[in-house]
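This is what each chain is made of:
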Amino acid sequence: MTITAAPEAVVSAVRHKTGRTRVIGTLIGAIGLFIAIVFGFGSLSKARTSVTFQPVNLSAATWHIGTLTVPTQVTCVVLGVILLALGTEVVVRRPLRGVMVRFGFAGVVFLFALILWAGRTFGPSQPLFINFTAILIGSAGVAMVLVYGTLSGVMCERSGVVNIAIEGQFIGGALVGTVLASTTHSFFIAAAGGAVIGGGLGWILAFLALRYMSDQIIVGVVLVTMMSGLSSYLNLQVLSPYPQYNLGNLAPNLPIPVLSKIPILGPVFFNQTGFFYLMMLLVATVSFGLFKTRWGLRVRAVGEHPQAASSVGINVIRVRYINVVLGGAIAGVGGVAFMSVQGQFQPGYTSGLGYVALAGMIFGRWRPSGAVVASVLFGISVYLAQNLQTYQIPVSTEILGMFPYLITIAVVSGLIGRVRPPAADGLPYHRD
Amino acid sequence: MLNAQPFAPLKAWSRITSRSPLVVTFFALLLGLFVGALVIIITTPPVLDSWRGVFHSWGGPGHALKVTFDNVGAAYRSMFTGSIVDPPQFWHSVTTGQNWSLSLTPLSETLTYATPLIIASIGVGIAFQTGIFNIGANGQAVLGGILGATVGSMIHCPTFVHLPLTLIAGIVGGMVAGAVPGILKAYTGAHEVIVTIMFNYVIYAFLIYVLLSTSLQLPNQQNVISRSLDPSAQLAPLFGASTGLRVNWGLFVAAGVVIFAWWFLDRSSLGFDFRVTGANPNAARASGINSRVVVVMVFLVSGGLAGLAGIVQEAGTTHFIDGGFLIGSAGIGFTAITVALLGRNRPMGIVWGSLLFAALGVGGRAMQAATGIPLDLSTVIQSAIVLFVATPVLIKEIFRLRSTGGPALELATKGWGS
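Chains as they are written, first to last, in the numbering used here: chain E, 1475 to 1906; chain P, -7 to 410.
It is possible that some hints are incorrect.
List of simulated lysine to any residue pairs, SDA-like, C-alpha gap at most 20 Å [unchecked claim]:
| id | chain 1 | residue 1 | chain 2 | residue 2 |
| --- | --- | --- | --- | --- |
| 1 | E | 1766 | E | 1730 |
| 2 | P | 388 | E | 1748 |
| 3 | P | 388 | E | 1796 |
| 4 | P | 58 | P | 25 |
| 5 | P | 388 | P | 35 |
| 6 | P | 58 | P | 89 |
| 7 | P | 388 | E | 1686 |
| 8 | P | 58 | P | 29 |
| 9 | P | 388 | E | 1742 |
| 10 | P | 388 | E | 1766 |
Calculated from the structure, these hints are not laboratory results.
Here the structure is a predicted model, which is why all the values come from computation and not from measurement.
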């Protein structure tokens, strides 16, 4: 007899995973059903919403794209049915990958259907149309900041150090970036300053975690506490008496000549600030570096099995130092990017984006490309949740404000067990 | 005489130069104050101006040092007199027997601040001992405060029923907020750090919602503010309202929690399960401890204590909640994390740590009033202290302390996968 039963552990692991897939599929289907019934059939039959696609810029538009008026009822029902089909597909086929991406997609569709539903009747104060391009541009701004954060996380965790201080690096970068941009009027210098402060915070984390083998998560959390205290201290002590340090300059848009004229996509991708292009460049660089170069192989080896890496002559501590400092610098630039789209610095302004980025990194399976997907999903949901009151949604603003965090929690709980962090992530290393 | 006892002062000296936790904490406090002084120096214009003067005149350095010491000294002096005792005022009371309430106000404020902090920190400390990092204590405290405010202001009954009911409502609120991350961690494996942080934001949004859109909001008000607790649901001041001393009966609740924590961790079987799980999860599983149940229970206990801290803060001090409840530097749930680390997760250590951080927090307020230096400096000093306490080896190297053995490496948290 050559046939042997699969080991008990394997069987239970597979069952566990498929069980969870079914739950997630059911959830997606339930969201679809909710959209179809409540938003679709629940809305008035005459209701319609117009969606506009904004041209590149209103004065010198090359292509005018008119408004698209869609009947609310039919659209919501269609969206609901699509999600229902997606949920059914997940339950029936039980795909091993991409389940959570579908779930994130369902969340975004839900928010979009909510807007359509809210725009079904035009009240006196309601906007006359939903500016689709503006939503995409706003989401791109949030997603950009999140990408910086997730890339920082990827850099650190691939080398085996948990960087939970991304939020603190955001705060530090935002503060320094605002001051430098206000005094020098140069966002290049501001970005450099943000990289220095972020890298400095990364160095403190690396120093305490690598040299003294402190608990990385605790050091990270305490660094965030320290930075939030320091930022509100500096805000009161320096920025309030000297408002010239906190002008809240916005970074200028640098349109790329031809590409920026493409409808919808042009303004979103090619009429952006320098931080956006830098972000795209960084994604490509980190992705290429981690998976196609010798340096990347070493970093991944250090993150997976530092003893083995060390035995072939890689200096584990040095690789980790370099990665954590670089990762911190990326997050610091992310903080400057945040201020470059938000304006004046206020304490507590980042409101947990650094932690959302951390969840995005997990969602993206510790890969730069996955990080982008995660950041886009989270970016759209954060932006929509923050701006839904513009569309007069008859739901309290505060309840809507919970959405990004609830989606993050749902995604993180649905993911673990499906994703595998670098094996040595968070573990201290010492040469023996 | 090989086994001769060392000369007593020498023994004391060797104790001072050793790496015992107390000594490390003391040096961490010194370094934390030093960091705070640095921050004051580089952000106070007169001090910076005086240092600029160093390049202009021979008397510059001396003058600059004097200005620096004056500014930093004034800040730390007001911190001390505002949180512990103002010696001239105290002496005045001792000699004349008058104004005792004024002399004791700083101590009373520190104890008032420490009361909920002790409770929340013990909650966080119990979770740490089980190897679980509960960053959500602040959100749990806020939900405890919301539920407590509901029971305390909407139900009317005599004190001996109302007060316990209010406190229990606070505990239940904290437990509910703790149960969600606990259940998610136990049954899906979601890392508690992310879930609890996200939950803090969710609960904060919920607080604003409740205070704006439900009947808990103070009637006829547009502001984000709740109804006040009935007097029967408040923790009365210990020395009566007329003295103005705010220290209240919550202190005894905190004392009860300390005793409970000691009993729970050292004497109860559930506490034993907790500690075993924290020390070695594999051994715990092998010996038949249900790790899922332990995780959920930890979050219930920890969250319940955090919720109790929230309602004690509310019933003892503020008597209502508003949009700023436990926000920013008042976020006792976040301070509790640092206190638990400072106190090495032991009940008595946490008591001393809470008193120290409460003194820093209250002193920060006094410093802001006296010198205009923002009270957030306290947060910076506190987190610096904890960073140094978390790396005892660094302290050892800076102050050349001798090792007294003990565990070199302790991890309180775990990576994403577990």
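Quiz item: Taking only the CA atoms, is the gap from residue 388 of chain P to residue 1796 of chain E under or equal to 20 Å?
Solution: This hinted pair is violated, its Cα atoms lying about 26 Å apart.
Quiz prompt | Distance restraint between residue 58 of chain P and residue 25 of chain P, which requires alpha-carbon spacing of 20 Å or less | solution = 18 Å, holds
Quiz item: CA of residue 388 of chain P to CA of residue 1766 of chain E, is that 20 Å or under?
Solution: 43 Å, violated
Quiz item: Hey, residue 58 of chain P versus residue 89 of chain P, does the alpha-carbon distance stay inside 20 Å?
Solution: Outside the cut-off at roughly 37 Å; violated.
Quiz item: Given the hinted pair residue 58 of chain P and residue 29 of chain P, is their alpha-carbon gap at most 20 Å?
Solution: 14 Å, holds
Quiz item: Taking 20 Å as the top limit, are the C-alpha atoms of residue 388 of chain P and residue 1686 of chain E close enough?
Solution: Holds - the C-alpha atoms of residue 1686 of chain E and residue 388 of chain P are around 11 Å apart, at most 20 Å.
Quiz item: Between residue 388 of chain P and residue 1748 of chain E, is the straight-line Cα distance small enough, at 20 Å or below?
Solution: Violated, because 46 Å separates the two Cα atoms, which is more than 20 Å.
Quiz item: Keeping to a limit of 20 Å between CA atoms, is the pair of residue 388 of chain P and residue 1742 of chain E held or broken?
Solution: 54 Å, violated
Self-check item: Hint consistency between residue 388 of chain P and residue 35 of chain P [alpha-carbon to alpha-carbon, up to 20 Å]
Solution: Violated, because 30 Å separates the two Cα atoms, which is more than 20 Å.
Self-check item: Hint consistency between residue 1766 of chain E and residue 1730 of chain E [alpha-carbon to alpha-carbon, up to 20 Å]
Solution: 29 Å, violated
Against the hints set out earlier in the document, violations occur for numbers 1, 2, 3, 5, 6, 9, 10.
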